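Trainee: So you can see what is in the structure, the chains are spelled out below.
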Amino acid sequence: MEAPVTPLSLSIRGLRKSFGNVVAVDGIDVGASNGECLGLLGPNGAGKTTTIEICEGLTRPDAGEVELLGLSWRHNADELRQRIGIQLQETQFSDKLTVEETLRLFRSFYRSGPSVFDLIAAVRLEEKRAARVMGLSGGQKQRLALACALAGNPDLLFLDEPTTGLDPQARRQVWELVAQLKHSGRTIILTTHYMEEAERLCDRVAIIDHGRIMALGTPRELIASIGIGHVVEFAFNGVTGPLELSTLAALEGVRGAHAENGLYRLSVSELHRSVPALFEHLAGQGIELSELRTHSPTLEDVFVALTGRRLRDE
Amino acid sequence: MSSLRSPEDAFGMNESMKATAVNGVPQSGEGIAGRSLVQLTMVRFREFWREPEAVFWVFVFPVLLTGGLGIAFRNQPAEVLKVGAVEATVSAALSREKRLSVQIMDRSTGETGLSTGRIALLVLPGEEGVVYRYDDTNPEARTARLLVDRALQRAAGAADLVQTSDDIVREPGSRYIDFVVPGLLGMNLMGSGIWGLGFAVVDARRKKLLKRLVASPMRRWEYLLSFLLSRLVLLSFEVAALVGFAVWIFHVPLRGSVGELALLCLVASLMFSALGLLIASRAQTIEAASGLMNFVMLPMWILSGVFFSAERFPESVLPFIRALPLTAVIDTLRANMLQGTPLAGMFWPLAIITAWGLLSFFVALRIFRWR
Ligand SMILES: Nc1ncnc2c1ncn2[C@@H]1O[C@H](COP(=O)(O)OP(=O)(O)OP(=O)(O)O)[C@@H](O)[C@H]1O
Ligand SMILES: [Mg+2]
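For the record, the sequence lines run as chains U and D.
For the first sequence, my numbering gives the first residue as 1, with consecutive numbering after it.
For the second sequence, my numbering gives the first residue as 1, with consecutive numbering after it.
Bound conformation, chain U alone (with noise of 0.2 Å):
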């Protein structure tokens, strides 16, 4: 990793903590510049939201220092919760209170920051501005709770899964929402466990498992780390026994064979040698494909070939 050149809005040094004896953070480094959108990414329970949390302020961790915008929780507690916004992985706001009302709450609490009207606009909630929390949909309780996080004008940005538990196009008006709001020059540390997301969004990804940084480095950097060029997916019908993957494993041009519920996946690095040997291998067996899919390496691929496990089963 390059030193980074503009200063740090956040940085993460030796982080670690535990909830009785699950250790939830196992010694995470990491930093964010200033402007810059820094994801993590990581299967359920892999430590994101304690990280996220820690830095929030709202959880202190057993060791390690956490410094926001030149700043830290022991001597400007204050002052850091006027400049961070945060978004928590789960909060309902009272379902008696409108749009309207729940931001006029929220803003109250900042002594600088955009006016309520600006805040709906932002989050295009103008046609539920007088509309009662409960009967917002999924995206718009969301975009909701992301105006909250900007009600105090922050210079950095906490996400707990803005997307989560959405939909499709609820989840693109969020992501075009953290766009602008990366291109109006905030620091942003997002939590997904949608590789899609990162991609999209994030300048640098850290990925993570058991509480630990596998990987760290821009979309494009982490998937070239793997050395694949593709990804070839396929499944069979018929009576025959599971393949052996160090049969498959082996096959002219592949790196690397996982197999899950009947669907095998092989990393390869040139596509036009190894899916002949794959025909040819199955065909000795007498096998019928009856699924064949090839792509390009995604995040997901670096997470299965960093941990052999899948980010989340959908």
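Calculated from the structure, these hints are not laboratory results.
Errors might be hidden in some of the hints.
The calculated EDC-like cross-link candidates involving lysine to aspartate or glutamate, where the alpha carbons are at most 16 Å apart (straight line), are [stated by the list, open to error]:
| # | chain 1 | residue 1 | chain 2 | residue 2 |
| --- | --- | --- | --- | --- |
| 1 | D | K207 | U | D167 |
| 2 | U | K96 | D | E53 |
| 3 | U | K141 | U | E100 |
| 4 | D | K207 | U | E90 |
| 5 | D | K208 | U | D95 |
| 6 | D | K82 | D | D135 |
| 7 | U | K96 | D | E51 |
| 8 | D | K82 | D | D149 |
| 9 | U | K96 | U | E65 |
| 10 | D | K82 | D | E140 |
| 11 | U | K96 | D | D203 |
| 12 | D | K82 | D | E111 |
| 13 | D | K208 | U | E90 |
| 14 | D | K98 | D | E79 |
| 15 | D | K211 | U | E90 |
| 16 | D | K98 | D | D166 |
| 17 | U | K96 | D | E47 |
| 18 | U | K141 | U | E90 |
From chain D, some residues computed to sit far from chain U (all C-beta separations above 10 Å) [said to hold, decoys possible]:
| # | residue |
| --- | --- |
| 19 | M105 |
| 20 | L146 |
| 21 | G259 |
| 22 | A262 |
Because the structure is a prediction, the values reported are computed rather than measured.
Yeah, the Cβ is synthetic: ideal placement off N, Cα and C, and Gly gets one too.
Place chain D with the ligands on chain U using the hints.
Mentor: For chain D with the ligands alone, kept in the frame of chain U given last:
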């Protein structure tokens, strides 16, 4: 930085905002309405008014209950007592007494009437004179016995030796409704204090809203104070509705100073709010909180003398009952409304109320869970 800003940046004011932050000039937001304490308190009101059940329990239910009890236990005009007689001569003698209604019946009908409560007393022929058959534990029957006896003696020629006449007074202040209204008022203060605060806090904690709020620059004491402020306003309506109704419809007396009564209600309400805060200080679910609330309130509904005097319980448990917060509150309310006692005359109950309030508040602050 402006080169980074996209044209659609909906704030369009990043530059100026950051400039004010640098200069340390606080942006004077939207006047007093923009103050967080005002906003927090308004949220309390909105949440209350938009919950029809809460409005019902706090305002309508106590008035309905007072009305119901007032009607059920109203003092009725002296009743005409029904008695039975086997002999026509006796019946004729009794029919001259206005407060009795007499019926001729045979012995067995009379006995059935007695056992079913249709008549209060049966006059039977005796070996010499008459026999009164009645239940001496029944006050009505005892009254009937006196009336019947006098009527029969007079009919037989007995004369009054002393000249008497009646001067009837029906004084407010000693009726059941007078007794029960301060009790209901105390019960209402307890319910709205404990429920009003407890449910709102636990609900916010359950929704992780509390966590979200403490992650913002909101001052925690303002959050708690907003509950007390809203309580203060709702309290004045709540007390005015119940006391006003009782005074207007049932002429319940207000013998003490009304200002002191208001102060007593305020102190009681603050104390119950502190108790509510304590109950809600750690509970994570509404179920756990309502279980705790019922556990705390149920004994007081029964023991603290809302519907009947707490002094009826055995001597050995009385010190414990007197130390309950609701008992102390109801004692002060009754002393003020019915006896006109000034504050100076209620040292002990006031000390008990203050102790409960302060103790609950400080323990709650220590153990309160914000997330
Ligand atoms: N308050 C807590 N008490 C006990 N264990 C906890 C607590 N918070 C988190 N954990 C444990 O720490 C681990 C990391 O949790 P964390 O919430 O940080 O994961 P995550 O990456 O955010 O997962 P998800 O994608 O499901 O949100 C998990 O095993 C979780 O069970
Ligand atoms: Mg999480």
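Trainee: Please go over all the hints and tell whether each is borne out by the structure.
Mentor: Results of checking the hints against the structure:
Simply put, K207 of chain D and D167 of chain U have alpha-carbon atoms about 22 Å apart, too far for the 16 Å limit, and the pair is violated. Only pairs whose Cα atoms come within 16 Å are accepted, and K96 of chain U paired with E53 of chain D is accepted, the gap being roughly 13 Å. Of the supplied pair hints, the one linking K141 of chain U and E100 of chain U holds, its CA atoms being roughly 13 Å apart against a limit of 16 Å. Pair hint K207 of chain D plus E90 of chain U holds up; C-alpha atoms about 8 Å apart against a cutoff of 16 Å.
For the hint pairing K208 of chain D with D95 of chain U, the CA-to-CA distance comes to about 13 Å; that is within 16 Å, so the pair holds. Among the hinted pairs, K82 of chain D with D135 of chain D is consistent with the structure: their alpha-carbon atoms are about 14 Å apart, no more than 16 Å. Of the supplied pair hints, the one linking K96 of chain U and E51 of chain D holds, its CA atoms being roughly 8 Å apart against a limit of 16 Å. Of the pairs offered as hints, the one joining K82 of chain D and D149 of chain D holds, with about 14 Å between alpha carbons and a cut-off of 16 Å not exceeded.
The hinted pair formed by K96 of chain U and E65 of chain U fails the criterion: a straight-line CA distance of about 40 Å is larger than 16 Å. Our distance criterion of 16 Å between C-alpha atoms is met by K82 of chain D and E140 of chain D, whose separation comes to about 10 Å. A distance of roughly 12 Å separates the Cα atoms of K96 of chain U and D203 of chain D; the hinted pair therefore holds under the 16 Å criterion. For the hint pairing K82 of chain D with E111 of chain D, the CA-to-CA distance comes to about 13 Å; that is within 16 Å, so the pair holds.
Pair hint K208 of chain D plus E90 of chain U holds up; C-alpha atoms about 7 Å apart against a cutoff of 16 Å. At roughly 10 Å between alpha-carbon atoms, K98 of chain D and E79 of chain D fall within 16 Å of each other, so this suggested pair holds. For the hint pairing K211 of chain D with E90 of chain U, the CA-to-CA distance comes to about 10 Å; that is within 16 Å, so the pair holds. Using a Cα cut-off of 16 Å, the hinted pair K98 of chain D and D166 of chain D holds, with the two alpha carbons roughly 15 Å apart.
For a cut-off of 16 Å, the pair hint linking K96 of chain U to E47 of chain D stands: about 6 Å separates their Cα positions. For the hint linking K141 of chain U to E90 of chain U, the alpha-carbon distance of about 11 Å falls within 16 Å, and the restraint holds. Listed as outside the interface, M105 of chain D is consistent with that label: its C-beta sits roughly 66 Å from the nearest C-beta of chain U, beyond the 10 Å cut-off. Residue-level check passed: L146 of chain D sits 63 Å from the nearest beta carbon of chain U, beyond 10 Å.
Distance check for G259 of chain D against chain U: the nearest CB is about 34 Å away, which clears 10 Å, and the non-interface claim stands. Look at A262 of chain D: its CB is around 30 Å from the nearest CB on chain U, clear of 10 Å, so calling it non-interface holds up.
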